[in-house]
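Mapping the sequence shown onto my numbering, position 18 (from 1) lands on 18, and the numbers just tick up by one.
Be a bit skeptical, because a hint or two may be false.
Quick list of the computed label-pair ranges, beta carbon to beta carbon [stated by the list, open to error]:
| no. | residue 1 | residue 2 | range |
| --- | --- | --- | --- |
| 1 | PRO12 | TRP34 | 12 to 22 Å |
| 2 | LEU9 | ARG59 | 29 to 39 Å |
| 3 | GLY49 | PHE24 | 26 to 36 Å |
| 4 | GLY17 | LEU61 | 14 to 24 Å |
| 5 | VAL44 | SER11 | 26 to 36 Å |
| 6 | PRO54 | ASP29 | 29 to 39 Å |
| 7 | PHE65 | GLU23 | 27 to 37 Å |
| 8 | ASP48 | ALA8 | 11 to 21 Å |
Treat the hints as calculated values from the structure; they're not laboratory data. Ideal Cβ placement from N, Cα and C applies to all residues, glycine included.
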Amino acid sequence: MLLAYKAALASPRIRAGAIEASEFPRLADEMEVWAVPRIVVDGVPQWDGSVPEPVFIQRILSATFG
Numbered sequence: 001m002l003l004a005y006k007a008a009l010a011s012p013r014i015r016a017g018a019i020e021a022s023e024f025p026r027l028a029d030e031m032e033v034w035a036v037p038r039i040v041v042d043g044v045p046q047w048d049g050s051v052p053e054p055v056f057i058q059r060i061l062s063a064t065f066g
């Protein structure tokens with residue numbers, strides 16, 4: 001989550017937030033949360049787990065711009 005928050009601080013076009021899956025089980029089901037962190041871009045689940053910063057940036061760019 002730290003990388004997501006850092007990206008949100010760096011760009012007004014990015015928002016980051018965390019949701020406690022055990023407190024919001026319906027939302028966790030909708031986002032298919034099976035592991036944490038679960039990265040969701042524009043409402044579409046993208047990947048699970050922590051990744052190094054360069055990989056995170058590349059995946060965000062790929063999810064956003066194809």
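**Study point:** Verdict for PHE65, GLU23 (Cβ pair) under range 27 to 37 Å
**Key:** For GLU23 against PHE65, whose Cβ atoms are near 33 Å apart, the range 27 to 37 Å holds.
Point to revise | Beta-carbon spacing of GLY17 to LEU61 - inside the hinted bounds 14 to 24 Å or not | key: holds (20 Å)
**Study point:** Consistency of beta-carbon spacing, ALA8 to ASP48, with hint 11 to 21 Å
**Key:** Hint holds: Cβ distance 20 Å, inside 11 to 21 Å.
Review point. Taking 12 to 22 Å as the hint, is the beta-carbon distance of PRO12 and TRP34 inside that range?
Key: Because 31 Å falls outside the window, the suggested range is violated.
Point to revise | Cβ distance range 26 to 36 Å for GLY49 and PHE24, holds or violated | key: violated (20 Å)
**Study point:** Assessment of proposed distance window 29 to 39 Å (beta carbons of LEU9, ARG59)
**Key:** violated (19 Å)
Check your understanding: Given a hinted range of 29 to 39 Å, is it respected by the beta-carbon distance of PRO54 and ASP29?
Key -> With a Cβ separation near 31 Å, PRO54 and ASP29 satisfy 29 to 39 Å, so the hint holds.
Check your understanding: CB of VAL44 to CB of SER11, is that within 26 to 36 Å?
Key -> Check failed, 19 Å falls outside 26 to 36 Å.
Going through the hint list in order, the structure does not satisfy hints 1, 2, 3 and 5.
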